[in-house]
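Chemist: Take the given structure of chain A and dock chain B to it, following the hints.
Number of protein chains: 2
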Amino acid sequence: MGSGRFVLLLVFSSLIFGVFSQPVLKILPEIRKSARVDPIAGDRKIRVDDGMFCDSWRFSVETNDAGLWKQIPERCVNFVKEYVTGDRYASDSVVVAEDSLSFAKTVKVSGHGKDVWVFDIDETLLSNLPYYELHGFGSEEFDEKSFDEWVELAEAPALPASLRLYKQLQQLGFTVVLLTGRTEAQRNVTEKNLLFAGYSNWERLILRGPSDEGKIALVYKSEKRMQLEEEGYRIHGSSGDQWSDLLGFAMAKRSFKLPNPMYYIA
Amino acid sequence: MGSGRFVLLLVFSSLIFGVFSQPVLKILPEIRKSARVDPIAGDRKIRVDDGMFCDSWRFSVETNDAGLWKQIPERCVNFVKEYVTGDRYASDSVVVAEDSLSFAKTVKVSGHGKDVWVFDIDETLLSNLPYYELHGFGSEEFDEKSFDEWVELAEAPALPASLRLYKQLQQLGFTVVLLTGRTEAQRNVTEKNLLFAGYSNWERLILRGPSDEGKIALVYKSEKRMQLEEEGYRIHGSSGDQWSDLLGFAMAKRSFKLPNPMYYIA
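Read top to bottom, the protein sequences are chains A and B.
All residue numbers for the first sequence refer to this note's numbering, where the first residue is 142 and numbers rise by one.
All residue numbers for the second sequence refer to this note's numbering, where the first residue is 142 and numbers rise by one.
Just chain A, with the same shape it has in the complex (with noise of 0.2 Å):
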């Protein structure tokens, strides 16, 4: 920042402070904190707020450029929380069920079952927004025992979009299998919620079972699905919220990436 800016800053900020009568130097962290210029932009200096940093921060992680991340950054937990509860979220997941139906329209499906489109369950099929809602939206650090719990609950609700699109599909007469993170103790709840939610005729339910343990998402996820390929099945679509579903070996022929800024999975 030139120095020139900052005096211009000491001005503004006097300007819009000065009636509140703090002092100066301590409101100017905040300041630049909710609306720095970012000298990475170069000649064209630009303003970044919260809500454009925010933005920037959610094409990073959907893109996955952010890679592992453990935490929804501070100034953003309240975009999240507006984009989940809003209409953002549910126009995304429709046009993304869309995208994914487009395309299988285009596949020539035998009708010897072995068509198959693999759906992830969490954030993907079944919205745990009712449980995030009281844990600060993913901000808070992942409780594993307050989680299951809902788990155990058994009432999580479909995705709207995710829901229309798995019934599209099976009337395409795609076999469809499910390939979770959930561990095969929870498969009695999950085969109960996902019939609560309205999904059923799903032709395997794969959950991690004992030799999974320990194995990051990435590769129990692409093992289980070269299983399949390995029974014959051709994978041809794959919908997940996190790249870990889709990404890896024995990749789908297209991937189809669901919103969610509240967590990420390895």
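It cannot be assumed that every hint is accurate.
Same chains, same label: a pair holds when it works inside one copy or across any pair of copies.
Computed list of lysine to any residue pairs in SDA-like fashion (alpha-carbon distance at most 20 Å, straight line) [stated by the list, open to error]: (1) 222 x 188; (2) 246 x 209; (3) 249 x 296; (4) 286 x 326.
Note that these hints are calculated values from the structure, not bench results.
Nothing here was measured: the structure is a model prediction, and the numbers come from that model.
Modeler: Only chain B this time, still in chain A's reference frame:
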């Protein structure tokens, strides 16, 4: 759409447009185009206006959910214009560059010159915005002739965030390889343009040669990365605005997708 909602729309349009004495039925499609109620969202109806639709479209494009797309949706042309000419594009680019640098700093660079970062050129190192501003921001069909004329000028400016990243990576000891879909016939003007924009000291500039003709970018770029690996280079990072810069085989350990809602290259 329920008939009740339809009646409401009629009433609404009468109220708003009545003063202009236009027939209601002529106006309706316009209203429905700009703010449609999407049935896919389930019980909780969402109103998708152009801004929200285009933001969701951009999500699907940047995550590669949309797959091959040939045209910006008509209702999103202005959205794309405002995005690429406004601060959001710059802000997104900055965050991607920051992600890239964070990863780069975790790499143990050997000092033998074999630790590589691969950069695409167009819309990654260089911005063709001055060209696209005159050609509908990607909404017009791609015209190779006029684009090649623009390339011959060698005046494309740097994307500021990328230029900064480029220099930081070199300071960290990375060897920079440039891998572009431009052809060997454009080698001289491309080098000239890169220098003009502030780039220097790349190890290699790889362009499409005669044997690469007709290959899709994803295959061409994968093959070139594979050759680099066979020569003993370790490709740690790769930056590109197209998924075809990043996916395929011989992928970098980490890939960084830069924003580009103007066009898609398979």
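Chemist: Next, verify each hint and record whether it holds.
Modeler: Tested hints:
no.	hint	result
1	222 x 188	between (23 Å within a copy, 19 Å between copies)
2	246 x 209	between (34 Å within a copy, 15 Å between copies)
3	249 x 296	neither (36 Å within a copy, 47 Å between copies)
4	286 x 326	within (14 Å within a copy, 62 Å between copies)
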